[in-house]
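Colleague: The whole structure should be built from the sequences, with the hints applied where relevant.
Here the sequence shown is numbered in this note's numbering, starting from 95 and rising by one per residue.
Wrong hints could be hidden among the right ones.
Below 27 Å or equal to it, Euclidean Cα-Cα: the simulated DSSO-like pairs (lysine-lysine) are [stated by the list, open to error]: (1) K240 x K185; (2) K289 x K228; (3) K164 x K242; (4) K278 x K326; (5) K242 x K231; (6) K309 x K284; (7) K203 x K242; (8) K289 x K229; (9) K164 x K231; (10) K278 x K289; (11) K309 x K298; (12) K185 x K164; (13) K229 x K242; (14) K231 x K309; (15) K228 x K242; (16) K185 x K196; (17) K315 x K289; (18) K196 x K240; (19) K240 x K164; (20) K231 x K298; (21) K229 x K240; (22) K121 x K185; (23) K231 x K289; (24) K315 x K298; (25) K203 x K240; (26) K203 x K164; (27) K315 x K278; (28) K228 x K240.
It is worth saying that the hints were derived from the structure and are not from the lab.
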Amino acid sequence: MIFTLVLISIGALLLLVIGINVIQQQKERAEAERRTELARQRAIIDETEEVLSHTGMFPCSSQIVLVLYKRVEDALGLAANYAASQAGDYKRRQADIGAQVKTLAASPKQAPSIESFRLPDNDQQILTLVQVLKKLKAILRAEHNKGKVDPTIFSEEEGRIDSLQLRINVDSMLSRARAACFMKQYGSSKQMVTKALSTLHAIKAQTPNDPFIVKKVDEAKAMLDEIIGAQKIASPEVTPVKEEEDIDVLFQPKKKW
Numbered sequence: 095m096i097f098t099l100v101l102i103s104i105g106a107l108l109l110l111v112i113g114i115n116v117i118q119q120q121k122e123r124a125e126a127e128r129r130t131e132l133a134r135q136r137a138i139i140d141e142t143e144e145v146l147s148h149t150g151m152f153p154c155s156s157q158i159v160l161v162l163y164k165r166v167e168d169a170l171g172l173a174a175n176y177a178a179s180q181a182g183d184y185k186r187r188q189a190d191i192g193a194q195v196k197t198l199a200a201s202p203k204q205a206p207s208i209e210s211f212r213l214p215d216n217d218q219q220i221l222t223l224v225q226v227l228k229k230l231k232a233i234l235r236a237e238h239n240k241g242k243v244d245p246t247i248f249s250e251e252e253g254r255i256d257s258l259q260l261r262i263n264v265d266s267m268l269s270r271a272r273a274a275c276f277m278k279q280y281g282s283s284k285q286m287v288t289k290a291l292s293t294l295h296a297i298k299a300q301t302p303n304d305p306f307i308v309k310k311v312d313e314a315k316a317m318l319d320e321i322i323g324a325q326k327i328a329s330p331e332v333t334p335v336k337e338e339e340d341i342d343v344l345f346q347p348k349k350k351w
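Modeller: Structure representation (structure tokens):
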């Protein structure tokens with residue numbers, strides 16, 4: 095009888111230990127998932143706020159700004175659920191962003207003309223702008239896939255981003271070509287302008303009425319003519335001396351000595 099009780103006690107103790115281990119593992123798994131999800135939401139917040147901080151570098155519509163603010167608001171709300179002791183901070187930030195979202199949503203929609211865009215002079219700023227537009231496009235698509243962006247707004251804003259990326263690409267190539275021409279690197283300059291023209295012609299076939307494309311095609315053609323002219327001046331063609339035919343030599347008057 096005593097032996098049976100001992101076995102039962104040992105079995106119960108083993109079950110208790112196993113149960114405690116299972117519960118502990120579940121807690122650790124839940125904690126790891128909580129930290130992972132919190133880190134993911136914080137990454138979304140940081141990325142979106144970084145894009146928002148650079149919206150002054152290009153003509154940005156109020157609609158895309160609203161999309162970004164709503165993304166931050168949603169991420170803050172989710173982060174508050176996983177933040178434990180910091181939940182209050184996230185909720186306060188969410189309330190502040192929510193107020194900005196309401197104000198922006200109630201304001202008249204604004205979409206500055208892309209024609210006013212000018213490429214920055216600083217190479218680092220150009221690189222930053224390229225990276226920001228790439229992130230902005232990815233964010234817009236992600237929010238649209240979640241059903242949080244109206245299809246019409248998505249189409250308009252993606253078109254604006256594509257147009258800006260095109261302008262940066264073309265302007266950057268022409269700017270580098272101009273600099274190479276100034277340094278008398280005519281081969282490189284000519285190659286860049288030719289590449290820019292190929293890009294422009296390909297896009298012009300799809301959007302023949304885009305005034306930017308028409309303007310840049312004319313500008314690139316004029317620059318190409320300028321480069322070719324400068325190249326000819328720098329390396330004038332040597333006119334080959336016509337070789338005298340043997341028959342002419344035979345019938346030339348003999349020189350008197």
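Colleague: Next, verify each hint and record whether it holds.
Modeller: Hint check results:
As the CA atoms of K240 and K185 are separated by approximately 23 Å, the hinted pair is consistent with the 27 Å bound. The straight-line distance between the Cα atoms of K289 and K228 is roughly 22 Å, inside the 27 Å bound, and the hint therefore holds. For the suggested pair K164 and K242, the alpha carbons sit about 9 Å apart, so the restraint of at most 27 Å is met. Pair hint K278 plus K326 holds up; C-alpha atoms about 12 Å apart against a cutoff of 27 Å.
Proximity of K242 to K231 is assessed by CA-CA distance (about 15 Å); at most 27 Å being required, the pair is judged to hold. With a C-alpha separation of about 19 Å, the suggested pair K309 and K284 falls inside the 27 Å cut-off, and the hint holds. Simply put, K203 and K242 have alpha-carbon atoms about 18 Å apart, close enough for the 27 Å limit, and the pair holds. Taken as a hint, the K289 and K229 pair is honoured in the structure, with Cα atoms around 26 Å apart against an allowance of 27 Å.
For the hint pairing K164 with K231, the CA-to-CA distance comes to about 16 Å; that is within 27 Å, so the pair holds. Among the hinted pairs, K278 with K289 is consistent with the structure: their alpha-carbon atoms are about 18 Å apart, no more than 27 Å. Under the criterion of a C-alpha separation no larger than 27 Å, the hint pairing K309 with K298 is consistent with the structure, at around 11 Å. Under the criterion of a C-alpha separation no larger than 27 Å, the hint pairing K185 with K164 is consistent with the structure, at around 14 Å.
The hinted pair formed by K229 and K242 meets the criterion: a straight-line CA distance of about 17 Å does not exceed 27 Å. Between the alpha carbons of K231 and K309 the distance comes to roughly 26 Å, so the proposed pair stays at or under 27 Å and holds. Distance check on the hinted pair: K228 and K242 sit about 19 Å apart at the alpha-carbon level, within 27 Å; holds. Our distance criterion of 27 Å between C-alpha atoms is met by K185 and K196, whose separation comes to about 16 Å.
Taking the CA atoms of K315 and K289, the gap is near 12 Å; set against the 27 Å cutoff, the hint holds. Between K196 and K240 the CA atoms are separated by roughly 21 Å; this keeps the pair inside 27 Å, and the hint holds. Proximity of K240 to K164 is assessed by CA-CA distance (about 13 Å); at most 27 Å being required, the pair is judged to hold. A distance of roughly 22 Å separates the Cα atoms of K231 and K298; the hinted pair therefore holds under the 27 Å criterion.
For the hint pairing K229 with K240, the CA-to-CA distance comes to about 17 Å; that is within 27 Å, so the pair holds. Restraint check: the Cα-Cα separation between K121 and K185 comes to about 25 Å, which is no more than 27 Å; the hinted pair holds. Restraint check: the Cα-Cα separation between K231 and K289 comes to about 25 Å, which is no more than 27 Å; the hinted pair holds. For a cut-off of 27 Å, the pair hint linking K315 to K298 stands: about 14 Å separates their Cα positions.
For the hint linking K203 to K240, the alpha-carbon distance of about 23 Å falls within 27 Å, and the restraint holds. A threshold of 27 Å between alpha carbons decides the hint, and for K203 with K164 the separation of about 16 Å falls inside it, so the pair holds. The hinted pair formed by K315 and K278 meets the criterion: a straight-line CA distance of about 18 Å does not exceed 27 Å. About 19 Å separates the Cα atoms of K228 and K240, which keeps this hinted pair within 27 Å; it holds.
Hint violations for this structure: none, all hints satisfied.
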